[in-house]
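Peer 1: Listed below, chain by chain, are the residues.
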Amino acid sequence: MRNSHTRVHRRAHQTYKHQFDVCYLLTKNCCILIVESMNNIEHREFNNGEGRQFNKEAEEEEEEDEDEGNGRGLDAWERAYADERSWESLQEDESGLLRPIDNKTLYHAQYRRRLRSLSSTASAPRIQKGLIRYLYIVIDLSKAAAEMDFRPSRMAVIAKQTEAFIREFFDQNPLSQIGLVIIRDGIAQCLTDLGGSPESHIKALMGKLECSGDSSLQNALDLVHDYLNQNPSYGHREVLILYSALSTCDPGDIMETIQKCKKSKIRCSVIGVSAEMFICKHLCQETGGSYSVALDEPHLKELVMEHAPPPPAIAEFAIANLIKMGFPQRAAEGVISICSCHKEAKVGGGYTCPRCKARVCELPTECRICGLTLVSSPHLARSYHHLFPITPFDDVSPSILNNPHQRLPKNCFGCQESLLNPGNKPSIRVACPKCKQHFCLDCDIYIHESLHNCPGCESLRHSKSDSDT
Amino acid sequence: MLLFLVIFDSVIADDVSLLMVLVDTNPFFWSTTNNALSFSKFLSHVLAFLNSTLLLNQLNQVVVIATGFNSCDYVYDSSSNSVAPNQRTERLLQKLEEFVIKDEQLSKEESADGIGSSLLSGSLSMALCYIQRVFRSGPLHPQPRILCLHGSPDGPQQYVAIMNAIFSAQRSMVPIDSCVIGAQHSAFLQQASYITGGVYLKPQQLDGLFQYLATVFATDLHSRNFLQLPKPVGVDFRASCFCHKNTIDMGYICSVCLSIFCKHHKKCSTCGSVFGQAQTNAPSTSKQKRKSPDT
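Heads up: the protein sequence lines correspond to chains S and U, in order.
Following the numbering used here, the numbering of the first sequence begins with 227 at its first residue and continues without gaps.
Following the numbering used here, the numbering of the second sequence begins with 44 at its first residue and continues without gaps.
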């Protein structure tokens, strides 16, 4: 529907067509835009962002150029409305008035759904997660990544999200490692080896941001397979592919490569930024990964970040094992020694490997000399909340809220924010099933996404001893 | 005019503080006779400190949370309008008294085994929730920090909860300062201050507690950069094994649940996974060999 609409619009710029637009828009409640499109009826260029995402055929290329010409005719303030699609943040209320969408409750509802789905998968008595992950991020830098349907370009947006992802990943999985692979000119190239330092990955990625040529899924998978196969079997082997192209240019049979990955228990996930591709879907289904296509930048961010929390441990994917690790002590201040990671002489700081006494600069890492994994106890503690998650809070039902005889807490237990609406009526709230304290929606999100403690349960001694037994 | 206000606001925004004070009210700690400082003396030091913090900047805000033995609660919030400034002290003491009485009523069993730990994890979590609310209030919020005035020994059963709170504070760039008034160092608070970039201090002379508080903990975060504050002492990040509670240099870690053991086991006692062969370091050393020619 919208596709045909934009095409009609692009072909002819006559006034009556615009009036058609106006009628069409009225039904969609886009009043802000209408006012503008009345004023600037001559050079209204409507909705090119969405149009491009749906029109991927070659014949549209020429029209893209035409669009650029039109776009220059727009004033900056007009473009702000057209690009940000401000009409989408409006909704109609029961009396027919336009109101901004109440994002808070919407966002909260979304979050609750996510939380539910997470807790339902983790219903097993003992939660087992793949806390030690070896993840390769494959970034498609073929010429499709230069497309500008994401602003300023797909490549820039993907790089930005990858950077955020790498930081979040190491925050959540301190014992895991990431490697970067890029596809350019049909060749997969390893940018960084598996490693635990976010800065080195981000630096390497930002230095290589240019795109050209075709994309090849098979080459990338072959390369990653060779690298991941050498890793110990207790770790979870994963690949996350950020794919821009709509084709793959392979030297051989990709199905064989997919089977090879399946055999090596590599979990492949793909996030597309253009349209769904069968081969990507097939790859993800075969290897147990997830496939998704991003609609816009916030959606892409959401999809990428979904890969940051550790996946549930699957016994056949990774064999449980005891791993030998060292807990190095901080080296004495003021002592000069050569660190084994940068091969530079440094004064003070650093940690000493307990087995071979080599100096390393930061933790967690793997000793360069003897190969011992070096961690500190906070790194382990950082992962414990995945194993001891707090229960989702329950919605307090409206019947309890509206019951005048029920004495409800006036303030959120966590942040003391008032839980009363302006009319002194109790507002929406959630309650912890264990300690029965009431919380506001913002605290609910903060507690489950960042804090991982229930303030109510933590500040009650007897409930604590109950939960321990 | 409005522009002036905006500029004025943004200039002062970096030295306006929100000070969350967590006061340890554990009766088992305060009743120990070998204490150099009684609870009432301690309170007079703290009240003077709170008043001086509020006087340092007109927009400074102080919130006091009591960390009890059986519960935690907000005791005082300088931003709530119900309290007139000249009644601040009375109001705070009154609420604190109510809290201590309520806390006592909640206690069921008599803990005979020495001083019990107070519920630091609860008050830390509450303070962080409050700080998040301040962050939500708009771009011109005061700079928050947490000050723990703590004396009770650490409770090992709170380890995971306290570590969770520490990491959440680190993520939102909230420093946790700690002033330990007990006899022993607190390993939890040492880690908290080290990880979040706060100050850890164990005053030598408890008679002069106000002096310590005023010189070390009263300054806002921006001015801290220009001060010579106590250097973080070495924090021992070595782990202790789950089986014998020994502090170890090298150990075995379950790949599924990250439990720490000092020697090789057949089965994990925490998560029940059965282990295969002991991991030799062969794969990683071969990887090293493979890597080294490349670099």
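These are computed hints drawn from the structure, not numbers from a lab.
Computed from a prediction, not measured in an experiment: that's the story for all the values here.
Do not take every clue at face value.
If we take Cβ atoms under 10 Å as the criterion, some of the chain U residues that face chain S in the derived model are [stated by the list, open to error]:
| no. | residue |
| --- | --- |
| 1 | Cys115 |
| 2 | Leu136 |
| 3 | Ile158 |
| 4 | Pro218 |
| 5 | Ala282 |
All C-beta atoms in this analysis are idealised placements derived from N, C-alpha and C, irrespective of residue type, glycine included.
Peer 1: All the hints need checking, so say for each whether the structure fits it.
Peer 2: Going through the hints against the structure:
1. For Cys115 of chain U, the interface hint holds, since its Cβ comes within 10 Å of a Cβ in chain S; the closest pair sits about 4 Å apart.
2. Nearest Cβ of chain S to the Cβ of Leu136 of chain U: about 20 Å, over the 10 Å cut. The hint is violated.
3. The beta carbon of Ile158 of chain U comes no nearer than 14 Å to any beta carbon in chain S, farther than 10 Å, and the hint placing it at the interface is violated.
4. Hint status for Pro218 of chain U relative to chain S: violated, with the closest Cβ pair at about 16 Å, above 10 Å.
5. For Ala282 of chain U, the suggested interface contact is upheld, since its CB lies about 4 Å from the closest CB of chain S, less than 10 Å.
Checked against the numbered hints above, the structure breaks hints 2, 3, 4 and satisfies the rest.
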